[in-house]
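Residue numbers (the numbering used here), protein chains in the order written: chain E, 1 to 754; chain F, 1001 to 1754.
Don't read these hints as lab results, they were simulated from the structure.
Virtual Cβ for every residue (Gly too), placed ideally from N, Cα, C.
Computed footprint of chain E on chain F; a stretch qualifies when at least three of its residues, placed anywhere within it, have a C-beta under 8 Å from a C-beta of chain E:
no. : segment
1   : 1409-1421
2   : 1434-1446
3   : 1546-1552
4   : 1567-1579
5   : 1650-1664
6   : 1697-1704
Listed below, chain by chain, are the residues.
Protein chains: 2
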Amino acid sequence: MTTITFEIADQLIVGAGIVGLVFSYFQFGFLNKMTIKPQPTTESSGLTMLDSKITEGLFEVYSAISEGANTFLDAEYKICGTFIALFGGLLFCLITWSSTMADGIFTTVAFVTGAVTSMVSGYIGMKVAVFANGRVAKAAAQNHGEKQYIAAFNMAFRAGSCMGFALCSIGLLVLWVLLTVFKMWFDVSDYDMMMDCISGYGLGGSCVAMFGRVGGGIYTKAADVGADLVGKCDLGIPEDDPRNPATVADLVGDNVGDVAGMSADLFGSFAESTCAALVIAASAQDMRDAGWSALLLPVCVSAVGIIICLLASFVATDFNPVRCKAQVEEGLKVQLIITSLCSVAASVVLCYMLLPTEFVLKGVASASFIATPARVAGCVSAGALGGLAIGIVTEYYTSHSYKPVREVAMSCKKGGAATNIIYGLALGYLSTIVPVIILSAIIFTSFTLCDTYGVAMAALGMLSTLATCLTIDGYGPISDNAGGIAEMSGMHEDVRDCTDALDAAGNTTAAIGKGFAIGSAALVSLALYGAFVVRLGIDTGVNILEPLTFSFLMLGSMLPYWFSALTMKSVGEAAGAMVTEVKNQFAADKRLFEGTAPKALVAANREKCIAISTTASLREMVAPSALVIFAPLLTGTLFGVYAVFGLLTGGLVSGVQLAISMSNTGGAWDNAKKFIEQKLSDDPELKKGKGTDVHRAAVVGDTVGDPLKDTSGPALNILMKLMAILSLVFADYFWSINEGRGLFNVAVTVARRI
Amino acid sequence: MTTITFEIADQLIVGAGIVGLVFSYFQFGFLNKMTIKPQPTTESSGLTMLDSKITEGLFEVYSAISEGANTFLDAEYKICGTFIALFGGLLFCLITWSSTMADGIFTTVAFVTGAVTSMVSGYIGMKVAVFANGRVAKAAAQNHGEKQYIAAFNMAFRAGSCMGFALCSIGLLVLWVLLTVFKMWFDVSDYDMMMDCISGYGLGGSCVAMFGRVGGGIYTKAADVGADLVGKCDLGIPEDDPRNPATVADLVGDNVGDVAGMSADLFGSFAESTCAALVIAASAQDMRDAGWSALLLPVCVSAVGIIICLLASFVATDFNPVRCKAQVEEGLKVQLIITSLCSVAASVVLCYMLLPTEFVLKGVASASFIATPARVAGCVSAGALGGLAIGIVTEYYTSHSYKPVREVAMSCKKGGAATNIIYGLALGYLSTIVPVIILSAIIFTSFTLCDTYGVAMAALGMLSTLATCLTIDGYGPISDNAGGIAEMSGMHEDVRDCTDALDAAGNTTAAIGKGFAIGSAALVSLALYGAFVVRLGIDTGVNILEPLTFSFLMLGSMLPYWFSALTMKSVGEAAGAMVTEVKNQFAADKRLFEGTAPKALVAANREKCIAISTTASLREMVAPSALVIFAPLLTGTLFGVYAVFGLLTGGLVSGVQLAISMSNTGGAWDNAKKFIEQKLSDDPELKKGKGTDVHRAAVVGDTVGDPLKDTSGPALNILMKLMAILSLVFADYFWSINEGRGLFNVAVTVARRI
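Next comes chain E alone, as it looks inside the complex (with noise of 0.2 Å):
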């Protein structure tokens, strides 16, 4: 047992954790000041535009949006919870039975303690969102001009804050208690199994993540394309009509899906890269040697991200507000630019202050190499300025503001929803070329600096500004739900104008996200795969060229395939018994057209809604879900770890170019609608808005990128990852079955003999 001390990196890590935690209760209470339940006298703050009408319709919304959602969260954590305790019990087993007993506890409190903490985090933003979704849609109610704009803009943006800086401070606190305890049982020179265990945690998270994204990405795209459909095509009324029982459902899903989902599926990002680089550096004597705050340099690099988040987030909401529509884009941008720059020279300093002056670390392109403060830096800054290069290449091809998403609306005019579908595909199929270059790069410097502990630094400096990217994926949907409530509870035409410009802005920022989270995904994932080879003690490198290594890497590039035609077919069938179901609704009550339907009935409708989503999201997210984690798993058990190697080098490679291509196509049909809404082209046919053939053929690739970008494409992210802890978890496991050759190698090994 080793007594306690409190380095400066535990000081550095538990200062952050409290720093954040602090900030978002200081976030909190701004949000807070505001009510939202109709008070028995009219509003008296300054000019008000809501009589008690709009007020109570407000409230009804918004009240039915945080029943919805906590119901599904209630729900769907059930099932977590179930696999949590079932999946525990084998990891239990398989460890204890390959390792030791005291290995399979560590590990499988780290497992829990991981997946429990990505629970919280997704429950916590999914709270936040909701609370402040009906708060920004009174803000923006309640004032003009560039007063609307800033209050919006700033309850929005400070609810996404809020929600950011909690997560991110927790999931820190939390590893850290968990190094704490575990670091009173293990000695120094058996810190590499201290931290196998710890990756424990990371698979909790990813675990949590996979049916948070899948669940929640099948619930909201459902409800989505459903509404959709049934809205605008079928009986031609408007997106958010009142009279539409899909709508509550639709907006519940950006909370359960879009803000808890991601914030599960970053958490997990965050966890997995962290337990790589912990696993790598503590598997070199050298490392441990340099002491505790050498090790946790991972650790720290999110820690001083945070701190950095905090101070650039005022630059948002103080030094300089949005006060337009223009700025908002610009304003989230902006914020983006600052933290990634100042997380790249903390991050030069604090390898400076914390690793030694040359120590040796083991690989898997060398055996061991010699690693510096000045290089593990680099790895960092490539990783942080990569990650801003592949996030500002994104949004060049999913904003209306550039070439690409114009073209795809033009593409409407020439031949309809066919032309749309052609050059949106192609969209997205280009969008690759230059984030994949950059990621290559990336890869390739942080590799060729410091091997696999390199790429998961690389992975952790692209995480630094996690803060900020959950606070500006937080405040997409928020801003999006309240648009939605501000048309349900019969708001003014400007406060949706308003709404509706936070929320385009919001879909370019959340394109970016995207990048961002595949970027990382990717670099997680790879970290992870060397994590896994550097633990199973393999020098010789990975050979492609083995039978079974190249058959899999086969199997793992259809991985992703396989994958996504589950969710994409779930979301259509889904959204179909949406169609239906409303339909009948509406055949069955002409009121509910005229909009004269009694309260009861309409509650009851919309109620009806959200349980075909929620029962069909929570069906449905099994079978994807068990895919990923079973095919590692069983790949493993039978055929060792030479086609795991293949498995996961193929769904890597593969998942990346898909996910990317799917989220910018996704994204760019859903802006080039967008585009032609709001009347922005110059081209007559377009500039005539919605209604005309050409917005028809608009909708049609919108409805059919949703699944694209906001079910399939992330939930590839959690693929890669999960595949990849997953075997770093089990290394041991596989191992000890006949020395990583798997079942069925007996059978090989005859057949050879032939």
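Fit chain F to the given chain E structure using the hints.
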């Protein structure tokens, strides 16, 4: 200089080649019996449904198609000729510089021979198709009932086999001549160098195939999509309506894209897999010692394949002729099954006949290994049977006789075009699962049995049914064209029904053919990749976890996306131009829509449409072709062979998935539309056929699917193969730069020293 002997392998190859040519000539004679030119007297052959006006119309359309196809091919071949001259020069210089002048000369001769043979193949294919399509229409028009199907099917099938056997035989004979001529200059101990030179043959074939596939693919789909959009969507005139001026361009496209492109593609596969096998075989001392016949086993497998296909073709046309709609698809499938099974048997005999009982080969999984006839026969069988299995699975996913396509058709009802697209994309993703599993199993089996040589032999096994595949592939577009001609020359509806049934079956079998093409392309690429590694003498395998290799793995897997984006956008743009042109024509003269315009105007308008397709496809084929050709060349030159390893691996694994999903998605949409049009469903809404909202939704899917299944998807095959054979041919050159480490290695070395 070796004395020329005429060994058993020579006898087999020359014999099979000559028999194939004679058979092809005999089939041509059958076609030639029917005159297509309007006769001064009325037709006298039995019951005739043709008045002189129809006969004249038939001849007119027939001539227009023939002329259009000639014009395009002439223009395309001019570009090819220039390319061959320039690239041949480059090849000569680089090979001479890195090796010897003799090597340079031989490789360049082989390259030019391969390129010219491929051009001749495409030319013959196109000529036969153009020659036959009018005759198929006439055969259908001159007969009734059962006789109509027998006559029309036989005519189309004979045309297909005329083309298929001519191509296979020519390819085989030319390669044999090349081998025999080269043999006079090389010592037996230098056969490895000789085979390196021979691989220029594959490169030449592949380069021309690239232009043919991409150029032809863009041509045919620009015309098809353009004609569809303008006809069905905007003006509401049916498919192949004589008033639509884009129809002739569409019909020309079927010939230059689906026939000439496909012919060149499959010829390339044959040439490349043979070259891969020859290079690996000749690199082993044991194999060179075993003699010329053992060395030529790969060529013999193809030779025997011709004979088997020939015998099997009598089953379709004579023993068990097709008598009605339902039998068409079955007839074609039986062909494939018979040929696959027989070639397995024949290849086993061949291996035992030609190979020594035990011999040592060079490999990549292990530096050298012992092979036996049984093992080699196992590889060939795995390829042949696996190919068949892939074909059958592909059919399941693309024929409207099964659930997947019917589900896609039903989805048109649920939510229109949007759900159709979502379901179609999901189907394509889903359809990768089983083919990739089969492919992995083939790779694993053949790789385990005989390393790279085994993979090459598996590819040849899959291609042993080449003549049948080409027959079926040719048959489809010929029937399609016959239908178009029947429609345009105003033949009886009954004729169109017959050709439609032939075409629908052709569509499904074309999908099977695409499955074969993708599967064989994957095996061929892997075999070439393996040959490349063997050629370089690297016997430590390829460590994928090298910074450079992994970075280029990412880049390589991005290339198929880049390539697809370019080709799809080209189709979209050319189709848009076509739509604009047709709309302008109709706006300029009302008589066009009424069908009363003077003949000269109609002809002139049609020519304008043909010109649009021709110009667009020739302009647009340059960028994607350049991408594929220069990507490995530049990578090798700048970053060295370890980067090329990554590039090839990435392009292969990502290309296979994308190609399968694109082809099947497109095929499924096409047949879902046909399922609705032919009123085959029990569902009341789907049964209404054309003109409904459901049908319009299906048409959107079909239109989007066109460039996926006929332009981008199939061209990806060539991307994989061409990159691999380029690397193989330039192996020496790559190695000559800094020992295969490329020009940038210096910079990296410096960076590593930081």
